Amino acid sequence: MSHSDNHRNKEERAFATKLLHFGAEIDEHTGASSVPIYQASTFHHHNIFEPPPYDYSRSGNPTRQALEDYIALLEGGARGFAFASGMAAISTSFLLLSAGDHVIVTEDVYGGTYRLLTSILDRLGIETTFVDMTDFEAVKAARKANTKAVYMETPSNPTLKITDIAQVTAWAKEHGLLTMLDNTFMTPYHQRPIEQGVDLVLHSATKFLGGHSDVLAGLAVTADDRLGRRLKQLQNGLGTVLGAQESWLLMRGMKTLQARMEASERSARRLAEWLEAHPAVERVYYPGLANHPRREIHEKQSRGYGAVVSFDVGSGERAKALLSRVRLPLVAVSLGAVESILSYPAMMSHAAMPKEVRAERGITDGLVRYSVGLEDINDLIEDLDAALRGS
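Using my numbering, the first residue of the sequence shown is number 1, and each one after it goes up by one.
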């Protein structure tokens, strides 16, 4: 059997199998059951006239390469790239653009992405228009002569708005626009944007992919080699790379992605339905709820609803009281871990967004975001009920 046949079979395997059999799961030199950590900054040239595959760890490291090939396989893309954080992946990718370019961005984008666009990239002459991407006419109306890219986040953070990925990418292709999508909430287990026509998929791998609140990392996958070469040049030139130890930790976490996502999503659905009926809760945001706006579009492009539930308790005072009373979840920034995490977007993930901008996007002072972990759901509900009731 040729190597290409082997590779094709690997592509065709079920997702759960790919998570464990991704190509570097057994070390070819020793038979070790995990990828070696190549804790090396530089590599010997055995023949100075034939440069080795690795010469310096910023440009390439075998441990990082195993991870980069792993995420490319899971997303169904051509090339993967590992970065020091989610924002390192996002900022490096935005530098595919040049001064004078314009990008259309989901309005309720992650706060760190908003900060990058409005306080750093605007200084470099890269212009942004934020639009409600649930309104396709608004997306089309935002295009200008210098528009070069469209940046999506679906479901969005923290109100879980749904963008029709295939609709936006088809339109973007007609106009020669680069499409980028932050797939952190769904992961490639639930949503594979490259199959919907997206050019570049991004992850804060700190979240569900790592899954254990112990590693900071970002990942990117390009749909084709040409874009991959451009992103490689940026990754190498900017030096925004993930270290070998973190690359190994991230691969270790990713092996259990499907099992973790399935369990957390099952609990999140229960939690969302319970919250909807709770007298202390004014509004619940979760794509799995029957009344969630554009649920049918989400179901067309995703195989599940995820593990993040946002809900509004009506005021900042009530939100802060809730955060001080819960006993089980971490009250913290971040999400996607084995332990549940309760966040307060107005003061955490979206603190970089001015209050009036947050208000326009439904990020009220009463909004909290619950990332459901692997605890028993009955214990999580009992804890949250006591906190909501003030007992």
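To be clear, the hints were calculated from the coordinates, so they are not data collected in a lab. Quick caveat, the model's predicted, so the values are computed rather than measured. Check each hint, because a few of them may be wrong.
[Claimed, not checked] What follows is a set of in silico ranges between Cβ atoms, one per label pair, in the way DEER data are often shown:
(1) 273 <-> 99: 44 to 52 angstroms
(2) 327 <-> 26: 41 to 49 angstroms
(3) 376 <-> 118: 38 to 46 angstroms
Beta carbons are placed, not taken as given, at the ideal position from N, Cα and C, and that holds for glycine.
Right, here's what the structure says about each hint:
no., hint, result
1, 273 <-> 99: 44 to 52 angstroms, "49 angstroms, holds"
2, 327 <-> 26: 41 to 49 angstroms, "43 angstroms, holds"
3, 376 <-> 118: 38 to 46 angstroms, "42 angstroms, holds"
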